[in-house]
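Whenever a hint applies, use it, and build me the whole structure from the sequences.
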Amino acid sequence: MAIESTAGVLIRPRQQGFHPGRARTTLAILGALFVASVALFMTYDLKGSLDYALELRGRKVAGMAMVGFAVAYSSVLFHTATHNRILTPSLMGFDSLYVLIQTLAAYFLGTAEFLQVDVRLRFGFEVLLMLGFAALLYRWLLGRGDRDVYVLVLVGIILGTMFTSLTELVMRMIDPNEFTRLQDRLFANFSTVNQDLLVISAVTIVAVTALSWPILGRLDVVALGREQATNLGVDHERIVTRALFVVAILVSVSTALVGPVAFLGLLVANLSYQLTGTFRHRYTVPVAGLLGMVALIGGQFVLQEFLSFQTRLSIIISFAGGIYFIFLLYREANR
Amino acid sequence: MIEIDRVTKRYGTTTVVDDVSLTIPPGGVTALVGANGAGKSTLLSIIGRTLRPEAGTVRVDGLDVAKTPGATLARRLSILRQENQVAVRITVRELVEFGRFPYSGGRLTREDLDHVDRAIEYLQLEQFANRPLDRLSGGQRQRAFIAMVLCQDTDYMLLDEPLNNLDMRHAAQTMTLIRQMAKDLQKTIVVVIHDINFAAFHADRIVAMKDGRIVADGSPQSIITPGTLKDVFEIDVPVHEVAGRPLAVYFA
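Chains as they are written, first to last, in this note's numbering: chain A, 1 to 335; chain B, 1001 to 1252.
Fair warning: there could be bad hints in the mix.
Residues of chain B placed beyond 10 Å of chain A at every Cβ, according to the derived structure [unchecked claim]:
1. Leu1063
2. Asp1064
3. Ile1090
4. Arg1135
5. Lys1210
6. Gln1221
Quick list of simulated restraints, FRET-style, between CB atoms [unchecked claim]:
7. B:Pro1069 / A:Leu46: 40 to 46 Å
8. B:Asp1217 / A:Arg22: 52 to 58 Å
9. B:Arg1135 / A:Trp140: 34 to 40 Å
10. B:Arg1006 / A:Trp140: 43 to 49 Å
11. A:Gly322 / B:Glu1083: 31 to 37 Å
12. B:Pro1026 / A:Tyr150: 43 to 49 Å
13. A:Ile326 / B:Asp1019: 51 to 57 Å
14. A:Arg238 / B:Ser1021: 26 to 32 Å
15. A:Arg22 / B:Lys1183: 39 to 45 Å
16. B:Glu1083 / A:Ile315: 39 to 45 Å
17. A:Pro20 / B:Pro1069: 46 to 52 Å
18. B:Pro1069 / A:Gly132: 27 to 33 Å
19. A:Glu237 / B:Asp1217: 31 to 37 Å
20. B:Gln1180 / A:Leu33: 23 to 29 Å
Derived by calculation from the structure, the hints in this document are not laboratory data. In this text, a Cβ means the ideal position worked out from N, Cα and C, and glycines have one as well.
Below, the structure is given as structure tokens:
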């Protein structure tokens, strides 16, 4: 029981500093919203062959859920690893690099040959390269003390633009017919997600999440800063490197499924911090994950049922996210 | 015992800590003094393993700080740096609780909570316990961080300019508290101090550094003398005895 003392200070017997009440409520509400959005998406206005429709919708929902979760989780980890809340892997060029690697591979191997390679092999190869990028980025930029966030923003924008421009350059060099085929496969939209890819993605996400869950407690300490973490016996470098590897894998998954989703991670991660009112990863990660899934599934539902696909979800997310990004930069500058 | 053996730290071509050896036996307050850029804070960071030296070793109770697992060291040695900015929103109590992380890994036991309560009480932070850190004054925040390292319950505490930005009342309170912790709780405290008079009044031993080297080492009475201060700071400072302690009058 809370007792109001004369000084107006709440005194609770054996109280702890962190009260998870608000974070737990948020988690419960979002959990319910997630279930509701999935149910709605699966069952609304079902026509024709039930089996066929359910399977099709199920695949879409699975794809969107995985993308939403992967983007959210990777963004929260990235924020903690880089000690900032503005940059996301997508804003540092992670997903545009993924697209570039695929395009380069298609160019050098030939599109037909490239598409014949087992999707699992292709995915594994890309993940390896992405891990290399994460390691490089760490050694280069993040490993040496606390860098200015603005330097990181700048480097991120330059890297992202460079990877995108290189991709466009290579695409122009590919035969137009082959290019169309390639684009179809590279930017699978949710309705045509490859079955094999869905399975690999699911396995990867479950495995990576299970492996990284135990470091969430230590990431709370990392969030206090490099020196505090070292003082408290947490190997800052090791935890941050591990977190960035997880980021690289998750970005590979989400980009392989739908291509770059700029700003979604920024939105859901920051909303999660605000809604939970804490930086504890055991709450911010699941809340951000649920937000990501609800945003994609709910958004897609509204879009296809009520706006009859007049616009694309990614455009809306980029629009809202872009404004939010400017707001965050503004707030950071005025702190 | 802290044993520093031939430690050297360079930034590019500048040598900040130059082949320093020093032994700090258990107990008492040792103050590191010296001009800006003398290498005090760097040496402290090396002892606290937040910086790696180019050469030399530091042992704490026989454990090499560069090789011992972080979690083991975190139960023997704590370090508090001068700039304590925390990017996340956190209350005083939450911060102090993190001091128990080396023991409980985030899941606090009853014993941990006892330590937290005691540390908060010791630093008289009860009425601020549930306040976010960013809504405290500089002095209160400083005390919150000291409470955290106190809660860490290590035999050795390294404090880097804990008096920075404190007014005279809070500075005097903090130094008294540091001396009290060394005495009552049998801590070995190494503290970097800018103001030599605080060192003169509160430290058991003063180690003076200049250009990355130790130039004087001894009791306050033997260090706070016009001759030694001239060597260390390159200015003439008259020294008077006040309340049985040497007081350097460096204001003019």
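Hints versus structure:
Under the 10 Å C-beta cut-off, the non-interface status given to Leu1063 of chain B relative to chain A holds; the minimum distance is some 13 Å. Listed as a non-interface residue, Asp1064 of chain B keeps its Cβ farther than 10 Å from every Cβ of chain A; the least gap is roughly 15 Å. Chain A draws Ile1090 of chain B into its interface by the beta-carbon criterion, the shortest separation being 7 Å against a cut-off of 10 Å. Non-interface call for Arg1135 of chain B relative to chain A: holds, since the shortest CB-CB distance, roughly 14 Å, exceeds 10 Å.
No beta-carbon of chain A is positioned within 10 Å of the beta-carbon of Lys1210 of chain B; the least distance is around 26 Å. Every beta carbon of chain A lies more than 10 Å from that of Gln1221 of chain B, the smallest distance being close to 33 Å; the non-interface claim holds. The supplied range of 40 to 46 Å is broken by Pro1069 of chain B and Leu46 of chain A, whose beta-carbon atoms lie about 58 Å from each other. Checked against the given bound of 52 to 58 Å, the beta carbons of Asp1217 of chain B and Arg22 of chain A, roughly 53 Å apart, stay inside it.
Hint check: Arg1135 of chain B to Trp140 of chain A, Cβ distance near 37 Å, so the stated range 34 to 40 Å holds. For Arg1006 of chain B and Trp140 of chain A, the Cβ-Cβ distance of about 32 Å falls outside the hinted range of 43 to 49 Å, so the restraint is violated. Restraint check, Gly322 of chain A to Glu1083 of chain B: a C-beta distance of roughly 33 Å satisfies the suggested window 31 to 37 Å. Range check, Pro1026 of chain B to Tyr150 of chain A: Cβ separation about 46 Å, and the 43 to 49 Å hint holds.
The given range of 51 to 57 Å is respected by Ile326 of chain A and Asp1019 of chain B, whose C-beta atoms sit roughly 52 Å from each other. The hint said 26 to 32 Å for the Cβ distance between Arg238 of chain A and Ser1021 of chain B, and at roughly 30 Å that hint holds. Between Arg22 of chain A and Lys1183 of chain B the beta carbons are some 42 Å apart, a value that agrees with the proposed interval 39 to 45 Å. For the pair Glu1083 of chain B and Ile315 of chain A, the supplied restraint of 39 to 45 Å holds, since their beta-carbon distance comes to about 43 Å.
Between Pro20 of chain A and Pro1069 of chain B the C-beta distance comes to about 30 Å, which lies outside the given range of 46 to 52 Å. At about 28 Å, the CB distance of Pro1069 of chain B to Gly132 of chain A agrees with the hint of 27 to 33 Å. Separated by about 34 Å at the C-beta atoms, Glu237 of chain A and Asp1217 of chain B satisfy the suggested range of 31 to 37 Å. As the Cβ distance of Gln1180 of chain B to Leu33 of chain A is approximately 54 Å, the hint placing it in 23 to 29 Å is violated.
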